[in-house]
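Chemist: Each chain, letter by letter, is given below.
4 protein chains.
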Amino acid sequence: MGVIGAGVMGTDHAVILDRFVSGAVVSRVSDVDAGRAAGVAARLSGARVSPDALGLIGDPDVDVVVIASSDATHAEFAIAAVRAGKPVLCEKPLAPTLALAAGVARTVEREMPGLLSLGFMRRFDPVHVELKAALAAGACGTPLLVHCVSRGVSAGPGTTSESSITGSAVHEFDTVPWLLGAPVVEVAWHAPRCSGEVDGMQDPQVILLRTADGVLTTVEVFLNARYGYDIRCEVVGERGVLSTSGPAHVVRDASGMRSSGYPADWRPRFADAYRLELQAWVDAVTTGAPTPLATSRDGLIAAAVSDAVITSMSTGGRWTAVDVGTA
Amino acid sequence: MGVIGAGVMGTDHAVILDRFVSGAVVSRVSDVDAGRAAGVAARLSGARVSPDALGLIGDPDVDVVVIASSDATHAEFAIAAVRAGKPVLCEKPLAPTLALAAGVARTVEREMPGLLSLGFMRRFDPVHVELKAALAAGACGTPLLVHCVSRGVSAGPGTTSESSITGSAVHEFDTVPWLLGAPVVEVAWHAPRCSGEVDGMQDPQVILLRTADGVLTTVEVFLNARYGYDIRCEVVGERGVLSTSGPAHVVRDASGMRSSGYPADWRPRFADAYRLELQAWVDAVTTGAPTPLATSRDGLIAAAVSDAVITSMSTGGRWTAVDVGTA
Amino acid sequence: MGVIGAGVMGTDHAVILDRFVSGAVVSRVSDVDAGRAAGVAARLSGARVSPDALGLIGDPDVDVVVIASSDATHAEFAIAAVRAGKPVLCEKPLAPTLALAAGVARTVEREMPGLLSLGFMRRFDPVHVELKAALAAGACGTPLLVHCVSRGVSAGPGTTSESSITGSAVHEFDTVPWLLGAPVVEVAWHAPRCSGEVDGMQDPQVILLRTADGVLTTVEVFLNARYGYDIRCEVVGERGVLSTSGPAHVVRDASGMRSSGYPADWRPRFADAYRLELQAWVDAVTTGAPTPLATSRDGLIAAAVSDAVITSMSTGGRWTAVDVGTA
Amino acid sequence: MGVIGAGVMGTDHAVILDRFVSGAVVSRVSDVDAGRAAGVAARLSGARVSPDALGLIGDPDVDVVVIASSDATHAEFAIAAVRAGKPVLCEKPLAPTLALAAGVARTVEREMPGLLSLGFMRRFDPVHVELKAALAAGACGTPLLVHCVSRGVSAGPGTTSESSITGSAVHEFDTVPWLLGAPVVEVAWHAPRCSGEVDGMQDPQVILLRTADGVLTTVEVFLNARYGYDIRCEVVGERGVLSTSGPAHVVRDASGMRSSGYPADWRPRFADAYRLELQAWVDAVTTGAPTPLATSRDGLIAAAVSDAVITSMSTGGRWTAVDVGTA
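Protein chains in written order, with the working numbering: chain Y, 1 to 327; chain H, 1 to 327; chain V, 1 to 327; chain X, 1 to 327.
Relax, there's no trap hidden among the hints.
If you anchor each label on the Cβ, the simulated ranges turn out as follows:
#1 Y:G46 x V:R232: 45 to 55 Å
#2 H:P157 x Y:G156: 53 to 63 Å
#3 H:G325 x X:E130: 54 to 64 Å
It is worth saying that the hints were derived from the structure and are not from the lab.
For every residue, glycine included, the Cβ atom is placed at its ideal position computed from N, Cα and C.
When you get a sec, could you build the whole thing from the sequences and use the hints?
Modeler: In structure tokens, the structure reads:
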């Protein structure tokens, strides 16, 4: 198994695979910064550094590939791995633009269908899995409305109004149709008062999604919410409401307050989701079963929703149809 | 004190005034159904039935008037009471249409400013009062977004898509500017998939409000939510989030579940709010202080927001400006 | 209505009666500190100061009496009021010792049964009332165990290990049999590690109660718990568990935490209970109905439990029988 | 790796090791019921059945041993594995009686110190780990009191009052000293009213523990609580209180209730704990590091506490000293 990219996500993936995933052996790590790759390899049992991503992909000691390098490189490496006939798990997004994502998806589906899996890890988050099961079991009746909240402590450097959509809200664009079993067909974007604590970007944002079943979803994305990393999802149905609760924690009574902590970012919040996703992927690769992860087609669809939201953003918040194209 | 209307609200007001409000004596009750009025009077200590509303207003044993008759009659009785120089507490709405509400508000403000109070009882709900205080104290920083949810078990007979707005969502139209200290300037209405359990009306509905300070508010109104009466409000600010929690209750662990009950309707949920509102009004009337309740002007403003939402509803969900007119 | 005692409780009672209780007029206030009495009287509409408690009791303008003076004076004033034929609401405890409480109870029951009500206000706390109703409705099946927690921010000056029992835990000694419908027959007292933040008293304390139905109750009393005023009650039954949740409040997400506030002391926590208790008492006195409050007999029984706990405290924590005597 | 015992726990361990633990390969399974062993082996990748436990221990394809057979067999197999020089993870209890447990612990510590790990999995439950860390960080100040609750749906067949102690409460006997860093020195046992739904055993039971630091712990054990599997721990300190909250879940609003589910038994509740415990053990065995799990000495100490509780049970609930002996 080779891991491309030794940044935050690549390191996490490599360490989780090495320490917590049964049946996985990380043999190669590569990064544009060779020192960084060496640092990660040193933390693993028996991994070596590959000089570059394409070399890693071609290495006979690498059977499967994880891509966690910078967003702009995903497409090239994904296609290379697929053409080498090696199963690949690519971090989202498939590509920074809809056109590029469509190209990758088209190539993969034509040449090697099913070889590429996409890292929409929420599909493996236990609470989201339980939500989907409860929904399927009719626990709230037919769904009518969904309310999603996606808040973080502070946006990374260089985040823009657009990259809030393609980098963060894109998770909801995958989660909502996955939960409902219906694609997003129309979107609208709205801007509340902008936080005075951020510069050069609109934050928070409110996005409306309409799925093919008529369900309306409200998505709040607020990357500089300061107080903590907080992902919420509530499904309102004909006969009840289902909502996710926070992860288990210790409750503290002190100083006049009952309080419990929020995670600082997505890594503790979704640690189980990442581990279970990687385990499910390794299991499927090992047994030759179809991937239970999101596919390149799912990535293309989410990219098309992002694209429509950005169009709505630039046209005064108009309802905008989602166009996946003919891919 | 005279109470006009012996339906659900009129009966509740009369009983609360008689049994739980210090300084209030209900001496007269009237209703279009004299038998119903007699039934209420019999539950009170020393009240008699007036033959009709105008007779009650003119009765020398009546110093102040509570109007809880049907919505269409509010305007006439309110003006009559004000012209008789008697302080009046009128249930919302001031009038069923914006034009009529504007007429009442204009008359009251011109002839007897301050004599009319309007029953937006949430302003006295302890949790909402605490929320407003926390907001004012900066507990979440500058507000950016508000999320309101207004759910009931089932809409009353005859409820329409429009009367969901004028009769229910109007509470949010008063609460949000009261919380934020900024008027609603623009609204948009959206329809999710409609519950198959209702006929002839859109339910749920999603309304967006933009206040003069740029804050965006999402309002979900779902009158046939089945599971219970559930009013929620969450204010998202630059440095944190404030939200209302449910009223205190007994928690039950049984049959594999931890559960707690929802109230069946607004009466148990807002019992304290009604009592505190009536007490505050009686205290102000007794001491001659200005009313701490909503005024006819507040009622007019809320009616103007309702009117704009209904316009948006009939024009495909377009953003629609709120026009209070020159009243 | 006359109020004896113008300290914290007396002032609260007088103000609640004057401002929030229907049918009550406070005409006289007395206190050992006449200036303090005058201060309270000035906050009320139309009350005057009585020179002393016995004068207040004898005043023809006083029909009913509230006793909220220091604990040691309750017995004398209660007997005087009862002998004057005036309904009296006496703050707990009836008397500082079991022998004295027995004397008062005996006198009252012999001479004027039912004229004395005792201020165990938890019987009117909405959450406790709901708990008792759920228990009676079989919501948890037959009760087997009760866990009570009684925590405060800091004990008042002069509090001792013994007065923690007679002044605080005595509320649980009344609440538990009221909930279960069975008297406490046996008690045992245990001392955990003592908080280093207090001097000269054991705090916290753990008390076991066994009621006649075999139910075992654990009571934690911790008067210097620092973090807030926190009263909890959990009933474990054959088929489920019922527990009280905190009062409604605003929830705050900030600084990495989700938090909600505790009240600082019993007054905000039990504001509703005090109001409803006073209203129920005034209503019963007005209509001549039997008091729905705790009686002198209930006070005697609670005093007997306190006495047994203090005996257990002084004998190494032995199980000690409760002896109400022949009163 | 060989797994002895193919019952519920043995199967779970084998499957978790095979599917979710990095670095573990289960090569052999044994059980008194060979068919049952074969059934488990068939679910694993590459495991075979050993004819019996001692054969499995001696098999050169087995480097380390997991013992999950019936309680009475733990001692013999543990000693055999240790004498074979193979690291062994033994499910609790070490032995059904204190004398036997002392014998095992003595043998292990004398011959092969550190080779035996004991399955007190709560030490790896993320919420308990977080609780211990918060305690160590001073989040509630010096601990004074602990309240533990251990409830299950229904006791297994053959459970007795005594085996409730040695099989269930023994977890608290390990957890409390692990949290506090102080051994239990004295215990007392009390019986509430017994549930009418069970026969031939006392359930619930209440146990008091006093640790060497003076902290008093109340433990409620209720194996037939019906409503769900529910483990709670609350530490009351000089400056605040820390308590565990339930695991994350989906919240449902329906039928007048807000509700969330309890697990049916310990397996879903402690799934993470078991996985993390097994991973930590495999990691330590692989690297030769000292075991981070409970040791045979810990097992002996917990057995001594159980023994003292049973003595208290048979002597009317007297405080009974814990005697670990000279092992």
